[in-house]
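Engineer: Here's the letter readout for the chains.
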Amino acid sequence: MTVSTAPKQNSITTHLGNGLKVIAIENPAADIVSARVFLPVGQGNETPENAGIFSLLTSLLTRGTAHRSSLEIAEAVEYVGASLGADSASDYSLVSVKTVSADFEQIFTLATEILREPSFPKNEIELERKLTIQGLRSMQEQPFSVAYKYFREGMYGQHPYGFSSMGTEETVMSIQQEHLLEAHQKHFRPDNMVVVIVGRIAPEKAVALVDKLLGDWSTPDYPAPVANLPAVDSHAYRIVTPQETNQAFIIIGYLAACVKHPDFATLKLLSTHLGNGLSSRLFVELREKQGLAYDVSAFYPTRLGPSQFVSYIGTAPENVSVALDGLQSELRRLCEIPLTENELQVAKNKMLGQYALGKQTNGQIAQLFGWYEILGLGTEFDTTFQADVAAVTIDQAQDAAKRCFVDSYISILGPATAVEALR
Amino acid sequence: MQYAHSNLNSAPNPPVSNLFDGSGGPLPFPASVIPLANGLTVIHQEIPATPVVVVDVWIRAGARYEPLAWAGMAHFLEHMVFKGTEKILPGMFDAAIESRGGLTNAATSHDYAHFYMTIAADDLDHALPYLADLLLQAAIPDDEFIRERQVVVEEIHQSWDDPDAVGFQTLSEMLYGEHPYGRSVLGTPEILQARSPEEMRQFHRTYYQPGNMRVVIAGGVSRERVVDLVQKTFHTFPQPDACPQAASASLRQLENYTQQTLALPRLEHGRLMMAWLGPGMGELQAACGLDILATVLAEGRLSRLVRELREDRQWVDDIASSFSVQEDCSLFMLSSWLEPTYIKEVEQVICDRIASLATIPITEIELERAQRVLCNDYAFSMETPGQLAGLYGYYGTLATPELSLAYPHYVQDYSPQELLPLAQQYLSPNHCATLALIPQ
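Line by line, the protein sequences give chains U and E.
384 is the number that the numbering used here gives to position 384 of the first sequence; each next residue is one higher, with no gaps.
Plus 423 on top of the position in the second sequence (first one is 1) and you've got the numbering used here.
There could be a bad hint or two in this list.
[To be verified] Label-pair distances were calculated between CB atoms; the ranges are:
no.	chain 1	residue 1	chain 2	residue 2	range
1	E	647	U	302	41 to 49 Å
2	U	102	E	838	19 to 27 Å
3	U	130	E	515	45 to 53 Å
4	U	407	E	791	57 to 65 Å
5	U	106	E	745	25 to 33 Å
6	E	771	U	321	48 to 56 Å
7	U	216	E	583	51 to 59 Å
8	E	687	U	182	38 to 46 Å
9	E	708	U	321	56 to 64 Å
10	E	687	U	47	33 to 41 Å
11	U	338	E	825	52 to 60 Å
12	E	515	U	191	52 to 60 Å
13	E	686	U	228	40 to 48 Å
14	U	244	E	655	48 to 56 Å
FYI, nobody ran anything at the bench for these hints, they're computed from the structure.
All C-beta atoms, glycine included, are put in the ideal place defined by N, C-alpha and C.
With the rest of the complex left out, here is chain U (with noise of 0.2 Å):
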């Protein structure tokens, strides 16, 4: 399917005087607006010993300003019916708004608010702080959780993407409210801030509204810190968990390039052509005929850094060693046997069609472009991705598979009995 689901209407890309970037998009569909604001910092800013700090950061952001208690931030907000929300990931850090178009201006005036002068309250910290470390347990009590984490640790050790991008329970405590504000301080800056609106607003409108709101915030007149995104130095790696599961998992993947490689484009390609959707390459050979799993898969992230390539499943625990083996043939198959003009001209209308219905709703919108500025790529990558997708060959999808399937990394958890055997 070659159809793009983005608005053509009216749009504005511009820069205000201190830098921060301003793309406005008018789609008058819903009576909706959406905006991100995006920062180029996230997991790739921390280090092993303050892992989790821009994901508890953000998470504060909502809970206090120089102005409005976290009471009177909620109040602002649940009485219009609206959302607001911050959060982080492994290469920026963002705030989110979801608004009816008349609530907009007042709802998008506190975002900017808590942006700018959130106030970290000590009471507040420790109440995240405690709903963080509850979410690092309940990762635990999922078994794919807990055999990722392994996969995820064998693969990046001390890099800041081997961390959950809640940091560990250790990091967590340690973090006091002089770190988030020093991390506020240095991070948040108007100069290397993305902000995207998109919905029934006039972009001459919405553009003037950020320039009132964020337009006087000066920048400080040191360089924005960058991103400590190292190489990663570890080897193939397999790691066995026994643990008393109904279902045993097994994942599987190597070190993948990042989003700026030539490989890019090639690698999704085929994350897509075995992973995705009810006619991809693992599920027929390994649901359809075989039947080994309901849950049989492949990705690939993308990342600034060094990214993974990652497929998995989850399986009996007596059919372990046949779901090892089936998940390996095909991943060998690709950099051994090319794929056919058919495959490949499938897996690019599947990805092409796939990403255009990703790009349905407002908020997806300003999601995909906010990202790609922020990622140093330009809003132009919506169209260069795709036509790089479109342009891939077979050998180039062969080539590139030989290059990223070298050092597979493996975990497996399930029963003793059923996975010892395969330390």
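Chain U is already provided as a structure; the job is to place chain E on it using the hints.
Structural biologist: Showing chain E alone in chain U's frame:
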């Protein structure tokens, strides 16, 4: 709770709600409801600027229609529909849709099964005949039945490793008793082992009939084209059959507070789940009142229980309410995540706060907040053709498609006084089922 065919792109959970303009006035129903001569209902809405079409077929063929010994049949059949017909080999449909950049999936709950696809508007002529043939002429080949059963068994095993799913199932049994809502949609491995492909074909012939089916089509396609295509493709239905029926069981509110504790392995923190039965889709207005109360109690930082138990006393790590409407009843649930040592205290506080809803009206401010939150959530849930189709299909299957518009008006019309009798009737601590999950 509904189960997706594949969790690669899981189905949206139909909200109780959309199409609200914020003004409070009734809007004309923007979709057409077209009854066909064979008893099939088509629901169509053209969205002119959209290059996408969503087809969502809803069938009154959920787990509630299974006799006890067939539990899991409806969901297993939903998997087997993808295994083709005389004309369509297994996997052909998925490949046909996905190779053109479309998406397809399905999900089953107690009241329904539904099958949906999102495709380019130009591909509708190509794709719809496939979907119709799968649904009307499912072959359920013997060898595929045996293989796919392993897949479903893995799906069941996966749910057994999920403490929240285990808790929800236990609570459902406490609350619904003999009613089919008390059984897992997935069934059990033992029951599925005992079933045959012929029994499944019988279930299929019985329920996949035009009167049970709503074909919802939303997006960049005209009404004429939709009616023409559906008439051509949803044409030859299976010869009607009559498979064993579910034993009739009525739903009754619990008469006494019912409490259970379940110790689970690998649990990192305790859970306290408290649930009440509310009115079903037939009394949507009353259900909307309970939705307001659920929001007042535990949706958002300003809600009573979040504020008291999480923010102030800090006895819970989190607390949330959920409210969902099924055909025969609705479910009002409060879930807390907490240290097991606080379970007793928290349970007591929740019972006290629930009891007070029956005697002291909520404030005007609380009501207005809940109304704004619910009505905006409703408006936000209609941004895409897929969301729209899901909403019309859900209401169209459980009641009428037009009822999907009533939700925001019902919510807006409540006064604090009018909520008192609802709390009295439905939310007494006596009617509550409580389940605590603690680490083994």
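Engineer: Each of the hints needs a verdict: does it hold here or not?
Structural biologist: Against the structure, the hints come out as follows:
1. Distance hint for residue 647 of chain E and residue 302 of chain U: a CB-CB separation of about 42 Å, consistent with the stated range 41 to 49 Å.
2. As the Cβ distance of residue 102 of chain U to residue 838 of chain E is approximately 24 Å, the hint placing it in 19 to 27 Å holds.
3. Between residue 130 of chain U and residue 515 of chain E the beta carbon distance is about 52 Å. The supplied range of 45 to 53 Å therefore holds.
4. The beta-carbon spacing between residue 407 of chain U and residue 791 of chain E, approximately 59 Å, falls within the hinted interval of 57 to 65 Å.
5. As the Cβ distance of residue 106 of chain U to residue 745 of chain E is approximately 29 Å, the hint placing it in 25 to 33 Å holds.
6. Roughly 51 Å separates the CB atoms of residue 771 of chain E and residue 321 of chain U, a value that falls within the hinted 48 to 56 Å.
7. For the pair residue 216 of chain U and residue 583 of chain E, the supplied restraint of 51 to 59 Å holds, since their beta-carbon distance comes to about 57 Å.
8. Between residue 687 of chain E and residue 182 of chain U the Cβ separation comes to about 42 Å, which falls inside the hinted range of 38 to 46 Å.
9. A beta carbon spacing of about 57 Å between residue 708 of chain E and residue 321 of chain U agrees with the range 56 to 64 Å that was offered as a hint.
10. Distance hint for residue 687 of chain E and residue 47 of chain U: a CB-CB separation of about 36 Å, consistent with the stated range 33 to 41 Å.
11. Separated by about 55 Å at the C-beta atoms, residue 338 of chain U and residue 825 of chain E satisfy the suggested range of 52 to 60 Å.
12. In this structure, residue 515 of chain E and residue 191 of chain U meet the distance hint of 52 to 60 Å, their C-beta atoms being roughly 54 Å apart.
13. A hinted range of 40 to 48 Å for the beta carbons of residue 686 of chain E and residue 228 of chain U is consistent with their spacing of about 44 Å.
14. For residue 244 of chain U paired with residue 655 of chain E, a C-beta distance near 54 Å keeps the hint of 48 to 56 Å intact.
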